[in-house]
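S.K.: Sequence order for the protein chains is A, B and C.
Just so you know, the working numbering puts the end of the first sequence at 351, numbered straight through with nothing missing.
Just so you know, the working numbering puts the end of the second sequence at 320, numbered straight through with nothing missing.
Just so you know, the working numbering puts the end of the third sequence at 447, numbered straight through with nothing missing.
Treat the hints as calculated values from the structure; they're not laboratory data.
The structure displayed is predicted, hence computed values, not measured ones.
Just so you know, not all the hints are guaranteed correct.
What the hints assert, rightly or not - Simulated DEER-style distance windows between Cβ atoms: (1) C:D168 - B:W88: 51 to 59 Å; (2) A:G136 - C:Y369: 29 to 37 Å; (3) A:F336 - B:P226: 33 to 41 Å; (4) B:E55 - C:P123: 52 to 60 Å; (5) A:N121 - C:G141: 25 to 33 Å; (6) A:L149 - C:E49: 34 to 42 Å; (7) C:E49 - B:L91: 55 to 63 Å; (8) A:R21 - B:V203: 20 to 28 Å.
Claimed, not checked - A few chain A residues that face chain B, going by a derived Cβ cut-off under 8 Å, partial list only: (9) P41; (10) F43; (11) L209; (12) L223.
Stated by the list, open to error - Derived, one-sided and incomplete: chain C residues facing chain A with beta-carbon distance under 7 Å: (13) A41; (14) V45; (15) G75; (16) K85; (17) A86; (18) T419.
C-beta atoms are modelled at their ideal positions from N, C-alpha and C, and glycine is treated no differently.
What follows is each chain in one-letter form.
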Amino acid sequence: MGGEAGPNWNDLATRARRRRRLTMALLTGFLTLVSVPILLPYFWMVMIAFTARSGSAETWALWRALAILVPLTLGYAVAYQILAPRWRLIAGAGALALAGGLMALFLGEALHLSNFRFLANPNVVEEIRGQATAGGQFPWVWDALLNSLILAASQTLIVVTVATLAGYYLSRFAFRGRAGFLQGLLVLQAFPAVTLVIPIFLIAYWTGLLNTLVAPILVITALELPFFIFIMKGFFDAVPWDIEMSALTDGATRRQAFRIVVLPQVRSGMIAIGVFAFIKGWEEYVFVTGLRTGNSYWVMSTYLYYIKEDVMGVDYGLVAAVSLIYVLPSLCLYLFAQKYLTQMTLGGVKG
Amino acid sequence: MHNPRPRRRNVRSAHADTALFLGPAIVLLAIFFLAPIVVNFVTAFSNMEQTVRFEDFPTTRQFDKLWKPNDAALLGFELRSGFSRALWLSLIYVVFTLGIFNVTFALILALTTTALPDRTGAFFRAVWLLPRMSPSVVYALLWLWVVDSSDRGLLNQILGAAGFDPVNLRLDHPMAVIVVANGLIGASLGMIIFTSAIRSIPVHLFHAARADGAGPLAITRHVVLPALRWPLSYITIYQALALLVSFEYIFLIMGPARSTMTMAMLSYTKSLAPSIGGGQYAYGAAISMILIVIGIVVALLMWRLANMKSLLQAPRIEVR
Amino acid sequence: MSLLRSAAAIIALAGTALPAFAEEITVSLWSRADRSGPLRAGNIVTAAEQLNRMFAAAGSETRIAIDLIETNAEGFDADALELLKAHSVGETPDIIVAAHEWIGAFVEAGLAANLEAHITENPDMYADMIPALWDSVKYKGERYGIPQDSEIRMFFVNNDILRAMGKDEAFIAALPGQVNAGEFTMYDWCDLAAEAVASGAAKYGWVHRPNVGPDFQMAMASFGIDIYNDEEAKLQITRSGLTEYYKWLGYCVETGALPADMTTWSWDSTHAAFRTGEALGKFHGIWNVGAQMESFGLTGAEDYFAKLTWINAPAGAKGGQPKNLSHPIVYVVGDTPNKDIAAMLVAMASQHVPNTRHAVGTNHTPINYGQAAMPEFVQNGWALIAGIPMLDYAEFMPNHARIGQYNAITYQGVQAVETGEMTAEEAAEFVVEELEVELGDDVIILD
């Protein structure tokens, strides 16, 4: 063993690498452990929607599917670490194909779409459980979906517009009472919607907006505003002044500078709050039920709520299928806007 | 950085700017935030019940339902059992959800997911955002199915497979159920705020720290956490207040059960909860009043303590 | 003859009140999506169709259109609250299907129209109504509704489970008599149910409704609580009776006769527990018979009573009286511009043929004497006929304006005691305090 003059760099590097790999593996393991309980019920719901027959929330389909998918996922994860990049894609494709094949083999015959018949037939519940009304008990799900869409989309449009405008103004202009306004916004964030359900109900009644979609649209917009204004202000604060200044010195008015130069910079912010706003409008339950009397209009949240109350325990498949249809838009929007969400900051901190 | 420019606009244009940019926000906030607060105040001091009339204004009848005079007690008033129970449950709910999930676990998630390579970290963050992104009725439904006390419930199936007896969480541990249910949702907001804050720490600080021989824990303590001080205080305050007044998930999962009747739930159940709301609008408004007062006090207190003034940095441009 | 006269009256009414061109009168009908009574609303729709045919026959252009509002409320109490909310914002419906005890609250809110004049002016429509039923629609001596049906409530007992426990036929046959004689008490019932669970013959002892409702009044009456003071026209509670009642509930839960989380079950699981033979008993009402026949695969009266026994609510203590509660559902006419035509529609829907269709189809008791003679009734209404003796012990709830609140508060005590949150004494104290606070002068607290 010849004496080395200095530390063995190779050894140190290997050790450091190994330790790093170990830390990564532990962290990944920990996160997987805590994330599985979140994913599992959703996956279960999907399975029930496609396999449940008359009744219960059976889990055999879930376990079988997991028995196929989990080993394959683990195998792929290991392969990903070991193999060179070239092979990773092939390994991934192979795993996917194998998963598909096995699922078709073991679960194929159990899969069916009859739980989705509510998409075509508005009287599914009364057919299952018996006549309950002189008219139909539930509307056609597409009516509820349309109302939810109108509610969520209108509300998103309004809130993004208003919050962006207000955020810009707060970020760029000094005006008397600015500090107080911001402080007030912060305090308004202190009591979200729910303390104000009762008085908002009264105000909606006095302005004649009860039993319309307009009321929840405006209400939800207003109640999300403080938070979103802050977020947008943060995004505007991060836009360097130089861009705007050069536009102004080039002869643009303030508003033109805002529209042409600054706005594109905060696009990701607008998308982020737009996604949040849409999802909030899509899921809104409290203000929809509070601001209507009787069954004057249906949205998806009330549709699911009452169907689940009615047939839970008799037809889990139906409830799961309705939930799946309901979740899908939220999920798609969320996956699409993922990267924008993580860019949200609370403005005014950096610099 | 002020840039004096020739005054090309007059005051009217400035007002137009304000009206255009700030006007809509002010109008909406005034109608649907400020006006309700005033209305709530007035309602709380009336006897408005199922018929929406301001009877007997002003009266403190509603507050008599919450406490009663008792010379022997502190301050001469004694809280009625229903109300003191609601206060207590609210306290437990807020403290535990905030302490365990909304702040602590959010921090852990942010730290761990940023330590991992980007794609993996993003994947786990995506998973943890799922509860917040799914509609509340669906999320509550899944919870009900998971904790179902029969052996159809997913939890009981897993316990059964492991050889344990089935549990009835909604009966035996209702507060735990709502703490975890709300916590899983609450953790995600803190997670993304903290994540973006961590991401914005200049990389050279990390390099410098490592060059000085700091290990991962030391880096976390000395580089990461100081950068998170401001988001941490903001999230703590904001989430504490949000939790104080939240009831939607409690209502959807536990219904009007007495074991989870926090103050917000009490107000909602007495007034507008579908199928149970008793139309006791004034009573509900009185409880909301108390929540509002607590909220404002806590907000202002924490404003001072956490030095929120940094949020109000002067605007970039003071130009008209 | 009388119908023609009424039709002429209606047409004259329509003719004078409206311009003489094609006119559609929209009558709004508020009801609940209720599997045990879809024809409550359905009969009004049919009546409107009949009336339209009369208009057509008379050459009139007037037509009635029914605007259905069918809520998904969990129970009649919940539905009444939704209705009051709608009324409070000016959306008063013209015809309402409601539980009778809410009439007081409706009148105080200005929702219900006074029907005294209508009833006395149309004697042929109402002459055959069972007189006792009129008590259920009276508030301060005047009638504000038309009875739509009534029912009989009972504890259903699954005889097969009793047999599996080792009870003989003599025991089963003697049970109703023992209850009526006051020898089989509420505590004996819970002991029986607990025995069923302990012996493995049943999974649950007995189940009751998982939300607020009239059933609990019946149980409270068994413990000597008289909830209405006739002289003072106020609600009333007896502290000791209440404590006894809650003590009994606590006892049932402790011995395993009643599930501790009963108040958090869904309606679905409650029905399912009994109809799949998992529970020994169910505290509900006669309209369950149809669904029970289907689930158990029974084909007639003999089959049915071999499988199931009915008992009144047993007395709280030995030597006491068993209790029953009759809970009529009523049509209320809203105090709206359409109230006259709405009242006529209600009158038509309350005739023998439509009412029997509802009564026999969903097992509710008839409102007119003549219905019991109809062949359809005699043939298919055996359950109702069998239940008539139980009505001897039946009372109505009072139509006090705050009875809804009263029920909601006493139910809170049930929740507290069953889940073990409070002891019986604590729960009674709590409920009495809440009653004092929320009802004030409207309730008399007795010891």
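S.K.: It remains to establish, for every hint, whether it holds in the given structure.
M.R.: Structure-based check of each hint:
1. Range check, D168 of chain C to W88 of chain B: Cβ separation about 53 Å, and the 51 to 59 Å hint holds.
2. As the Cβ distance of G136 of chain A to Y369 of chain C is approximately 35 Å, the hint placing it in 29 to 37 Å holds.
3. At about 34 Å, the beta-carbon gap between F336 of chain A and P226 of chain B stays in the expected band of 33 to 41 Å.
4. Between E55 of chain B and P123 of chain C the Cβ separation comes to about 40 Å, which falls outside the hinted range of 52 to 60 Å.
5. The beta-carbon spacing between N121 of chain A and G141 of chain C, approximately 50 Å, falls outside the hinted interval of 25 to 33 Å.
6. Take L149 of chain A and E49 of chain C: their Cβ atoms lie about 36 Å apart, and the range 34 to 42 Å holds.
7. Judged by the Cβ atoms, the range 55 to 63 Å given for E49 of chain C and L91 of chain B holds: they are separated by roughly 59 Å.
8. For the pair R21 of chain A and V203 of chain B, the supplied restraint of 20 to 28 Å holds, since their beta-carbon distance comes to about 22 Å.
9. For P41 of chain A, the interface hint holds, the least distance from its beta-carbon to any beta-carbon of chain B being 4 Å, beneath 8 Å.
10. Evaluation of the F43 of chain A hint against chain B yields a violated restraint, the C-beta minimum of about 10 Å exceeding 8 Å.
11. The beta carbon of L209 of chain A is not positioned within 8 Å of any beta carbon in chain B (closest approach about 10 Å), and the interface hint is therefore violated.
12. Against a cut-off of 8 Å between C-beta atoms, the interface hint on L223 of chain A holds, since the closest Cβ of chain B lies about 7 Å away.
13. Against a cut-off of 7 Å between C-beta atoms, the interface hint on A41 of chain C holds, since the closest Cβ of chain A lies about 4 Å away.
14. Satisfaction of the interface hint for V45 of chain C is found here, the shortest Cβ-Cβ separation to chain A being roughly 5 Å, below the 7 Å cut-off.
15. Interface hint at G75 of chain C: violated, since its Cβ lies 12 Å from the closest Cβ of chain A, which is beyond the 7 Å cut-off.
16. Interface hint status for K85 of chain C: upheld, as the beta-carbon distance to the closest one in chain A is roughly 6 Å, under 7 Å.
17. The interface hint given for A86 of chain C is met, as the beta carbon of that residue sits about 4 Å from the closest beta carbon of chain A, less than 7 Å.
18. Violation of the interface hint for T419 of chain C is found here, the shortest Cβ-Cβ separation to chain A being roughly 21 Å, above the 7 Å cut-off.
The structure does not agree with the numbered hints 4, 5, 10, 11, 15 and 18 stated previously, though it agrees with the rest.
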